[in-house]
Structure formats: structure tokens, C-alpha cells
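Asker: Whole structure, please, built from the sequences with the hints as guidance.
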Amino acid sequence: MSARISASVYTSHVPAIGAAIDQGNTGSPYWEPLFAGYAKSREWIADNTPDAIVLVYNDHGNAFSPDLIPTFTIGLAASFPVADEGWGPRPVPDVAGHPELAAHIAQSVIQQDFDLTIANELPVDHGLTVPLSLMFGQPDAWPCPVIPVAVNVIQYPVPSGRRCLELGKAIRRAVEAFDESLDVQVWGTGGMSHQLQGPRAGLINAEWDNVFLDRIITDPEALAEIPHIEYVREAGSEGIELVMWLVGRGAMSDLAGGPAPEEMHRYYHVAASNTAVGHLVLANR
Amino acid sequence: MGLDKPYIDVPGTTIFDADQSRAGYRLNQFCMSLMKAENRERFLADERGYLDEWAMTEAQTQGVIDRDLNALISLGGNIYMLAKIGASEGLTYLEIVSSMTDMNVDDYRDMMLSGGRPIEGNRYTHEWDGDK
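Protein chains in written order, with the numbering used here: chain A, 1 to 285; chain B, 1001 to 1132.
Hints in this document: simulated from the structure, not taken from any laboratory.
Do not rely on the hints blindly, as some may be mistaken.
[Unchecked claim] Listed next, the stretches of chain B that the computed footprint assigns to chain A, with coverage defined by at least 3 CB atoms under 8 Å from CB atoms of chain A:
1. 1004 to 1017
2. 1033 to 1044
3. 1058 to 1067
4. 1070 to 1079
5. 1089 to 1097
6. 1104 to 1112
[To be verified] Selected chain B positions facing chain A (in silico; Cβ < 8 Å):
7. N1028
8. Q1029
9. A1083
10. K1084
11. M1100
12. T1101
13. G1115
14. G1116
15. R1117
16. I1119
17. N1122
18. R1123
[To be verified] Now the stretches of chain A that chain B is said to cover, found in silico as 3 or more residues with beta-carbon under 8 Å:
19. 85 to 93
20. 140 to 146
21. 150 to 156
22. 250 to 259
23. 263 to 274
Glycine included, each C-beta is placed from N, C-alpha and C at the ideal position.
Answerer: Here it is, written out as C-alpha cells:
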């Protein structure tokens, strides 16, 4: 008896998407196409709600600031409050953790030579809550526990794509060594192409994004070799968030000799606010 | 041998690295203080008085008062921290981000709805020489 990773979910985590949900604007002409693009995934997850989600995201200067910049952080708390990012906290439920599985992953992954920072207090921002809202809507409580894994993609240098893919592999090994029968998903969030700063702000590169989507499905090992400068130049200064998708992809069983995952859903949309939105659901067979 | 910084050769872009972070530390910590509602109120009620508590450079202080985000980024500000200034006033990310471009917010929104700023001509600094 052990835990198993059943699927990985990938999505952008644009704050304006959260605001559209919170303010009841999902049916507006601006937002309706985007939310329609997630309808199939919402149906899928209703039938495939896991026992826990390892949710890989980045904090945007809310839990962390330049006073402390850990590269990888795992949240071990029983509950994570919703951060006030400057607009007031999103009106969404606090996020229940899974302290036992999180502590197990922390111990296992650190022993696999990843220097995780352990957080027992961690306010979570839109990077974590917007993906939950996109997949689960507006429940009174999130339907399963969530283990936050925060990646520094704010202050350069951020971890490489290779490092992120290998972290995903280490998380998979950790989960499969947990002595309880749990269905676990790993979510990789952020991106796709976007740039939020400077005169080049507004950059979108749909062609590059769609190649990224192709390659993360079929060729993640080679995709992991893309250097930082390609993300920055081709996908915008904030497009580098896409390295976090590689953590989710690294956790899939085909990279440990299993069969290729099944593509449950793929969606791409330009734009939500400043950002190209990408979404993918891959299930282990 | 110095560190390799290939990202210097991307036009209209400042990568928030350790050098920028060091230069902007006080500025970014001021922005972080705006996560508290009472601090947002104090800042908006007396901007200069509130900013003087943070011991930033005069250029940083003036950049905040002017809402000149491009100047603040060049002085070490990080966009996610700087966004909290606009958030204090209820601005959206779209409004905040568009202020750094040569477009007004309506034109910027239209650009985003029609596919965003294209990558062609926007990869290398030499592509912008003379016209931006």
C-alpha cells in the first residue's frame, strides 16, 4: 500500500482570473471564452478529485520578499491563510494542508539532495489560489488538502528547467514511498508568455508557447534543457514561470519507465489581462 | 571572470537580479508594507511623510510619488512589489503594467486582445536602437 501520483495539471495563474471569478464576471464577453476552455477539466476533476494536491507555484512578493528568498519551499502546515496582496485577500477559503504527507515529502526530497525550505507559516497568494479556483470553482471549502511548493521565479537566477524536472522526479519517488493509499496530483502553474515590466510589457509569443505545450507532453527531458535566456527573450521576463510546469511533468511515471501519459485536455488562450493562458491535464495510465 | 548576464541584451526589459535587488531593497520593503490596509491608508493620506519613514534614495521616493514605474524598476524595484502601490489605489495589473509602455490603457488592452506585443522585432536591444 502506497501513495501514487495519478495525474498532473498545468495552468497559468493570472490574478485577473481570480478577480473575474470573485466578482462574478466569468460570463462576460471578455472572460467567457477563457472559462469555457476549463470546462472539460472541471468535469474531469469532479470525477478524479485526488486525496491531495502538491501544488507548485510561485509567491509574488507576499509570503516572501527580498528579505528572504528561498529557491524551493514546501508548506507543512495544517492550514494556509489567503494573503492580502494589496487589494485585500481574495474571498476564497483558507487552504487545508496535508502535514503528514508534506513532512514525508520534505524528508524524502531533502535526502535526495534538494535543499527545500520548510514553511510552517505560509500565506498563499494568487499563484496558488487561482489554479484552485479555475479547477474547483467557488466551493465553501477546497475539496482536498493541498501541499504548497513555492519556487523562486522572482529574483534571478531562478532554478533551471532541468533542476525543476528533477525535483518533480524526486517528489514522485517521495510520494510512492508514503505508506498510505493516497491518490496524489502534482500541479505546475504559472506562465505562459508574458512580460509585466518595462517598455516591452505585453509581450506574447503564441508560437513559442504552443511548441512548449507540445514538448512538455512528448519531450520533457529535452525541454528541460532550455536556458533561462530563451524564456526571457522569447516568452517575456515573467514567462520564466514556466519552469514550474517542469516540476509537475517530472512527477509523471513515464519519466521513470512507465507508459506515456494520456492527454486529457489542452487549452490555450490570448490573453487574460497581460498574459497568455495555457492549460494542460495529463493522466498516468 | 564576471557573471554572464545575457539578459542585458533584451530590449525594454530589466531582470531583477541580485544587483537590482540590493539597490532596491528599501524601496521594495516599502512596497511590502502596503500589504496592510492601515499602511495603505497612511501612505495615501500623506505620501511624502510615509515614504520618508523608509530611508530610500530621493530618486526612489520621487519615483513613487510620480508613479514612474520604469524609473523605479531601473532603481531596483521589482514589479510584483511595485504593483502594491497601484493596488493601494485599486488599480488592476493591466492598468499598472500598461503605464510602463508608450500606450494608453485602452490601446494596451486592445493590443492584448489582438494577440499581445509581437515577438518579431522585440528580441534584441539592437532591434530597438533609434526608434524607442
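Asker: Could you run down the list of hints and mark each one as holding or not?
Answerer: Going down the list of hints, with the structure as the test:
1. Against chain A, the region 1004 to 1017 of chain B contributes 10 residues with a C-beta closer than 8 Å to a partner C-beta. That satisfies the three-residue criterion, and the hint holds.
2. Counting residues of the region 1033 to 1044 of chain B whose C-beta lies closer than 8 Å to any C-beta of chain A gives 5; at least three are required, and the coverage claim holds.
3. Look at the region 1058 to 1067 of chain B against chain A: 0 of its residues bring a Cβ nearer than 8 Å to a Cβ of that chain, fewer than three, so the hint is violated.
4. Check on the region 1070 to 1079 of chain B: 4 of its residues sit with their Cβ under 8 Å from a Cβ of chain A, so the three-residue criterion for coverage holds.
5. Closer than 8 Å: that is the beta-carbon criterion, and the region 1089 to 1097 of chain B has 5 residues meeting it against chain A, so the requirement of 3 holds.
6. For the region 1104 to 1112 of chain B, the stated coverage by chain A is satisfied: 3 residues place a CB nearer than 8 Å to a CB of that chain, which reaches the threshold of 3.
7. Given hint, N1028 (chain B) at the interface with chain A, holds; its Cβ is 5 Å from that chain's nearest Cβ, closer than 8 Å.
8. Satisfaction of the interface hint for Q1029 (chain B) is found here, the shortest Cβ-Cβ separation to chain A being roughly 7 Å, below the 8 Å cut-off.
9. Residue-level restraint check for A1083 (chain B) holds (minimum Cβ-Cβ distance to chain A is 7 Å; threshold 8 Å).
10. The beta carbon of K1084 (chain B) comes within 4 Å of a beta carbon in chain A, closer than 8 Å, and the hint placing it at the interface holds.
11. Interface restraint check: M1100 (chain B) against chain A, minimum CB-CB distance 5 Å, threshold 8 Å, status holds.
12. The restraint placing T1101 (chain B) at the interface with chain A holds, with a minimum CB-CB distance near 5 Å, inside the 8 Å limit.
13. Using the Cβ-Cβ criterion of 8 Å, the hint placing G1115 (chain B) at the interface with chain A is satisfied: the shortest such distance is roughly 6 Å.
14. With its C-beta approaching chain A no nearer than about 3 Å, G1116 (chain B) sits inside the 8 Å limit, and its interface hint holds.
15. Interface hint at R1117 (chain B): satisfied, since its Cβ lies 4 Å from the closest Cβ of chain A, which is below the 8 Å cut-off.
16. The restraint placing I1119 (chain B) at the interface with chain A holds, with a minimum CB-CB distance near 4 Å, inside the 8 Å limit.
17. Contact between N1122 (chain B) and chain A, as hinted, is supported at the beta carbon level, the nearest pair being about 6 Å apart and thus within 8 Å.
18. Look at R1123 (chain B): its Cβ gets to within about 5 Å of chain A, closer than 8 Å, so that hint holds up.
19. For a cut-off of 8 Å, the count of residues in the region 85 to 93 of chain A with a CB near a CB of chain B stands at 4, and the three-residue condition holds.
20. Judged by the Cβ-Cβ criterion of 8 Å, the region 140 to 146 of chain A is not covered by chain B as claimed, because only 0 of its residues qualify and three are needed.
21. Beta-carbon proximity to chain B at under 8 Å applies to 3 residues in the region 150 to 156 of chain A; the threshold of 3 is reached and the given coverage holds.
22. Against chain B, the region 250 to 259 of chain A contributes 0 residues with a C-beta closer than 8 Å to a partner C-beta. That does not satisfy the three-residue criterion, and the hint is violated.
23. Note: the region 263 to 274 of chain A has 4 residues with beta-carbon separation from chain B under 8 Å; the three-residue rule is met and the coverage holds.
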